[in-house]
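Participant: Each chain is listed here by its residues.
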Amino acid sequence: MSVPANETVLAVSGLGKTYAQPVLGDVTLELRGGEVLALTGENGAGKSTLSKLISGLEIPTTGRMLYRGQPYAPGSRAEAERLGVRMVMQELNLLPTLTVAENLFLDNLPSRLGWISQKRLRQLASAAMAQVGLDAIDPDTPVGELGIGHQQMVEIARNLIGDCHVLIFDEPTAMLTAREVELLFTQIERLRQRGVAIVYISHRLEELQQVAQRIAVLRDGKLVCAEPIQRYGSEQLVNLMVGRELGEHIDLGQRSIGAPLLKVDKLCRGDKVREVSFEVRAGEIFGISGLIGAGRTELLRLIYGADRADSGQVALGQPPVPVTIDSPKAAVKAGIALITEDRKGEGLLLSQSISANIALGNLGAVSRAGVLDADAERELAERQIGAMRIRSASPAQAVGELSGGNQQKVVIGRWLERDCQVLLFDEPTRGIDVGAKFDIYGLLAELARQGKALVVVSSDLRELMLICDRIAVLSAGRLIDTFDRDHWTQDQLLAAAFAGYQKRDALLHDAAPRMDA
Amino acid sequence: MKITTNTSDAAPVRRSGTYFGLGTYLGLAGALLAMIVLFSSLSSHFLSYATFSTLANQIPDLMVLAVGMTFVLIIGGIDLSVGSVLALAASAVSVAILGWGWGVLPAALLGMAVAALAGTVTGSITVAWRIPSFIVSLGVLEMARGLAYQFTDSRTAYIGDAFAWFSNPIAFGISPAFIIAVLVIVLAQLVLTRTVFGRYLIGIGTNEEAVRLAGIDPRPYKILVFALMGVLAGLAALFQISRLEAADPNAGSGMELQVIAAVVIGGTSLMGGRGSVISTFFGVLIISVLAAGLAQIGASEPTKRIITGAVIVIAVVLDTYRSRRANRRN
Numbered sequence: 001m002s003v004p005a006n007e008t009v010l011a012v013s014g015l016g017k018t019y020a021q022p023v024l025g026d027v028t029l030e031l032r033g034g035e036v037l038a039l040t041g042e043n044g045a046g047k048s049t050l051s052k053l054i055s056g057l058e059i060p061t062t063g064r065m066l067y068r069g070q071p072y073a074p075g076s077r078a079e080a081e082r083l084g085v086r087m088v089m090q091e092l093n094l095l096p097t098l099t100v101a102e103n104l105f106l107d108n109l110p111s112r113l114g115w116i117s118q119k120r121l122r123q124l125a126s127a128a129m130a131q132v133g134l135d136a137i138d139p140d141t142p143v144g145e146l147g148i149g150h151q152q153m154v155e156i157a158r159n160l161i162g163d164c165h166v167l168i169f170d171e172p173t174a175m176l177t178a179r180e181v182e183l184l185f186t187q188i189e190r191l192r193q194r195g196v197a198i199v200y201i202s203h204r205l206e207e208l209q210q211v212a213q214r215i216a217v218l219r220d221g222k223l224v225c226a227e228p229i230q231r232y233g234s235e236q237l238v239n240l241m242v243g244r245e246l247g248e249h250i251d252l253g254q255r256s257i258g259a260p261l262l263k264v265d266k267l268c269r270g271d272k273v274r275e276v277s278f279e280v281r282a283g284e285i286f287g288i289s290g291l292i293g294a295g296r297t298e299l300l301r302l303i304y305g306a307d308r309a310d311s312g313q314v315a316l317g318q319p320p321v322p323v324t325i326d327s328p329k330a331a332v333k334a335g336i337a338l339i340t341e342d343r344k345g346e347g348l349l350l351s352q353s354i355s356a357n358i359a360l361g362n363l364g365a366v367s368r369a370g371v372l373d374a375d376a377e378r379e380l381a382e383r384q385i386g387a388m389r390i391r392s393a394s395p396a397q398a399v400g401e402l403s404g405g406n407q408q409k410v411v412i413g414r415w416l417e418r419d420c421q422v423l424l425f426d427e428p429t430r431g432i433d434v435g436a437k438f439d440i441y442g443l444l445a446e447l448a449r450q451g452k453a454l455v456v457v458s459s460d461l462r463e464l465m466l467i468c469d470r471i472a473v474l475s476a477g478r479l480i481d482t483f484d485r486d487h488w489t490q491d492q493l494l495a496a497a498f499a500g501y502q503k504r505d506a507l508l509h510d511a512a513p514r515m516d517a
Numbered sequence: 001m002k003i004t005t006n007t008s009d010a011a012p013v014r015r016s017g018t019y020f021g022l023g024t025y026l027g028l029a030g031a032l033l034a035m036i037v038l039f040s041s042l043s044s045h046f047l048s049y050a051t052f053s054t055l056a057n058q059i060p061d062l063m064v065l066a067v068g069m070t071f072v073l074i075i076g077g078i079d080l081s082v083g084s085v086l087a088l089a090a091s092a093v094s095v096a097i098l099g100w101g102w103g104v105l106p107a108a109l110l111g112m113a114v115a116a117l118a119g120t121v122t123g124s125i126t127v128a129w130r131i132p133s134f135i136v137s138l139g140v141l142e143m144a145r146g147l148a149y150q151f152t153d154s155r156t157a158y159i160g161d162a163f164a165w166f167s168n169p170i171a172f173g174i175s176p177a178f179i180i181a182v183l184v185i186v187l188a189q190l191v192l193t194r195t196v197f198g199r200y201l202i203g204i205g206t207n208e209e210a211v212r213l214a215g216i217d218p219r220p221y222k223i224l225v226f227a228l229m230g231v232l233a234g235l236a237a238l239f240q241i242s243r244l245e246a247a248d249p250n251a252g253s254g255m256e257l258q259v260i261a262a263v264v265i266g267g268t269s270l271m272g273g274r275g276s277v278i279s280t281f282f283g284v285l286i287i288s289v290l291a292a293g294l295a296q297i298g299a300s301e302p303t304k305r306i307i308t309g310a311v312i313v314i315a316v317v318l319d320t321y322r323s324r325r326a327n328r329r330n
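Chains X and B are the protein sequences, given in the same order.
Under my numbering, the first residue of the first sequence is numbered 1, with each subsequent residue one higher.
Under my numbering, the first residue of the second sequence is numbered 1, with each subsequent residue one higher.
Next comes chain B alone, as it looks inside the complex:
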């Protein structure tokens, strides 16, 4: 990834703490590779086209949610409502198609708009009353889930194959959904590292008061980040509908934790100010390969959860250790 490394060899300078360089990416890639090697040696079926194809088609929703969450964590916030908002968007799509007879495109846009609205609500309340986003999004989590149940009468709404093209592989086992998710990741990384908006987000997460006193109003940017999180939850809802051919009001339940875990494994700081979308992508891959691998070797559900939990804790401990070391240098 030459995005952030193009000046790294210019001088023997210790880099600023937000730097996500080749070293970080190599470390994450190494961890991923080690897992793949491990599972391949434990199960002869693991390293196969089928595993790869299944993975690639299952993770697009997790990928785009994790991108949004990376931005939210970078500004020092958190959004617990993403799973519910996903379900809310899906149920809005189902109502539009089944209830009102809308076409696929307007229904999809409606779903994303509803999700964007939910994110905007979270962001606006957080900013306007200076409440921790943790609490606001916890409330929105409940409200969105309730609305999803209301829209669908608590039943899974069968939509059919209108969205199926999203997740049908077009080449090398890769679906349009996966390609879109990868594009979202690339675009988001560019936004984060190369745009004024991205720079403000990192500034806000590092020291919001300094940003404000530099003459920049941080509030609209913070709201925008939550709105963006909503849009991406809406996109994830479309991916899910396409895979399940249905809108499930229970969809995405507990997914927020999986998303946050992926982002944190990637090394984005829960304290804000430091993060990378590319690292998040590695985090998503690590957590997904772990799940797939454990399933392949026949690990029981309890075992899977115990091991996944342990991996999250280890990742955070390593991250804390690393940022403490960086702080001590300052």
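Just chain X, with the same shape it has in the complex:
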């Protein structure tokens, strides 16, 4: 079943995918047997989309694929797997209450008249586990009792049952300890020697250099290069990922920046947020950049009291005085607002009207002695609909029927009505069309002009560079550096974002893997 080393197993040409907008365009790439191809790029560059197209989870909009010399157009993941193209997803797809053996053969349990033949199952499982060098694990162990690293090995073993010629790993080390990463790399090397074509997706450059022979970099959905990895040093790789000029410019008007209004001192929570300190001044837009999982959302939630901090202090006001914020209620009372990343899950009552959503959190203002004043509530909604330019049929329309941009405006409108001094924005323009994005930028600038302190988290570096006065970069839970406008370059910002992951030191993986799920 093995393919001679370095022969092309899968060739994609002109592959593209368009959802509302093109996310991947014209990618031409070869996967070779016995080779590990590192696939990397910024957040949203198209890494996941490309791997989903290859493994049958999504159907490409354009382009063709050739698999072992035959045209290849998988209609589903099952079809791709049957042909030997498999993917180990970021989220493990295992049932923790079932045993290792049962998980491995869930789709094809050896049975007789519906009765599972335990002996045969155990034999098959032992053989499959031996393939990934884990014969030491008893196949009767419930998966939930294994560490995350071993669970991942089980997932890999499952993907190796039957034919496997192409194996894609999507950020496999995100949850692993250093020792488990070594184990994983050993297994990847074994698979490579068996002639499997491996795609390894990660933004940890150190790892890529260790495990891969060739590197493919995606940028804005386009393939920038696919070259042997030895040709590049870490810095050159970062340049490859970014490598573009800032094209846009907007005039956000004049603002004057005053004295510090929010002071965050050594805020900690587990290994997600580690001793983060910074100050935001009145009238300032303070950006927070970093890769997914760097702890940005977690940091905002700590400041807002949505999660409890292990240690650290938040101070507010002019001059900032320490305040105890142990709940969102306390945060709001102190004058802090959080506009969450997950609008639908955490921000809005989707089935409720626009006016109910805007009034939520402001009901004191539109009621007397606990009784709502329907007219005042409608007035409030109409005021924000006008001010925020929310496109809707009436204040009674359900928020779930609005577009993403208008939904976001409803959430922001709710907070504007409260007149908070500090506003925390988590990915304020995610899933919003370009026009609405610029509306929101203008609004942020307006709020800053009013002397509020704004903290904006975004995965879009260009967006932050466009609107922020300063940008702090988080990496692996730490605040690496803070950059002033006119003193930053995209390269510096990105290098800082990768900084925490470059040396796989004790800091990153000293904590034992936790089974939170």
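I should point out that these hints are in silico values taken from the structure, not numbers from a laboratory.
There's no promise every hint is true.
[Said to hold, decoys possible] So, partial list: chain B residues that the calculated Cβ filter (under 10 Å) puts toward chain X: (1) Thr195; (2) Val211; (3) Arg212.
[Unchecked claim] Computed spacing ranges between beta-carbons, pair by pair: (4) X:Gly75 to B:Pro132: 51 to 61 Å; (5) B:Trp129 to X:Arg179: 35 to 45 Å; (6) X:Ala393 to B:Ile36: 36 to 46 Å; (7) B:Trp129 to X:Ala393: 36 to 46 Å; (8) B:Trp129 to X:Asp342: 23 to 33 Å.
Glycine included, each C-beta is placed from N, C-alpha and C at the ideal position.
Once you have looked at the hints, place chain B on chain X.
Facilitator: For chain B alone, coordinates are given in the frame of chain X:
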């Protein structure tokens, strides 16, 4: 009911999913009317003053329990203990009057306080440990029933006619209990649609995390809803005592299912976030008229149960169908 419809004709807008408008009420009223017409054609005695008077005097306890349950379902909870808590309150009243020689009013207040306490316990445990209220109230159901047996030595305690004025008709065959129950319904509907408290309940049932992140602590409101459920169970206990002239430790056994059925037939969502007390009232009427009508035409007990069960299932299927359609629009 102009309570929630006063802006409905303003614009050709599809209404938000929680909307209980004229259409919903007309549908429920239509179903009720159809049942009345059906039973009238099957039995000449059905459409009579006697039936009406009997019904009006039998349903006040179901009405007030259903009001409380509507609130509980709206916040996404459920309370299975209401029947037992009713019995517990009744037995507390009997002990106060027969054992301690208390007057009617203090005894009544004690009964309601005991029931409120039971509800508060359910709510507090549910909130503090984030346990499904289904399980907590199942435990409280057993405990309350056990306490009721303990207080009364497992015997029906004859109290006499001290509470009788509650259920004696004063005009047109209507008793004070029925009037109180109607007032409770009107007040509860106003609370639900017109107050900050009511708005929070709907918010909590729709998306509790969004409410929390909007800077509102949902926990006290949730506890309050269960406490309110307890108070109303206590009120229902007084209605029962007045009708039976006795406190029965077996009272309200299995009543929780009848209450939940009435609320769900009215269209309040078991998933939380959507409900109306007026609709619940229709649900109570539908389930009561069904029971009375089936009795009138001489249906056997098994037949009654089969038909009642079928009506509940059909109502829930219709409700699911309706909310799916609403979701698809979003």
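Participant: Confirm or reject each hint.
Facilitator: Structure-based check of all given hints:
1. Given the 10 Å rule on beta carbons, the hint for Thr195 of chain B holds: about 5 Å separates it from the nearest Cβ of chain X.
2. Because the smallest distance between the Cβ of Val211 of chain B and any Cβ of chain X comes to about 7 Å, under 10 Å, the interface hint for this residue holds.
3. A least Cβ separation of about 6 Å between Arg212 of chain B and chain X falls short of the 10 Å threshold, and the interface hint therefore holds.
4. A hinted range of 51 to 61 Å for the beta carbons of Gly75 of chain X and Pro132 of chain B is inconsistent with their spacing of about 40 Å.
5. The beta-carbon spacing between Trp129 of chain B and Arg179 of chain X, approximately 36 Å, falls within the hinted interval of 35 to 45 Å.
6. A beta carbon spacing of about 39 Å between Ala393 of chain X and Ile36 of chain B agrees with the range 36 to 46 Å that was offered as a hint.
7. Take Trp129 of chain B and Ala393 of chain X: their Cβ atoms lie about 43 Å apart, and the range 36 to 46 Å holds.
8. Taking 23 to 33 Å as the suggested C-beta distance range, the pair Trp129 of chain B and Asp342 of chain X conforms, at roughly 25 Å.
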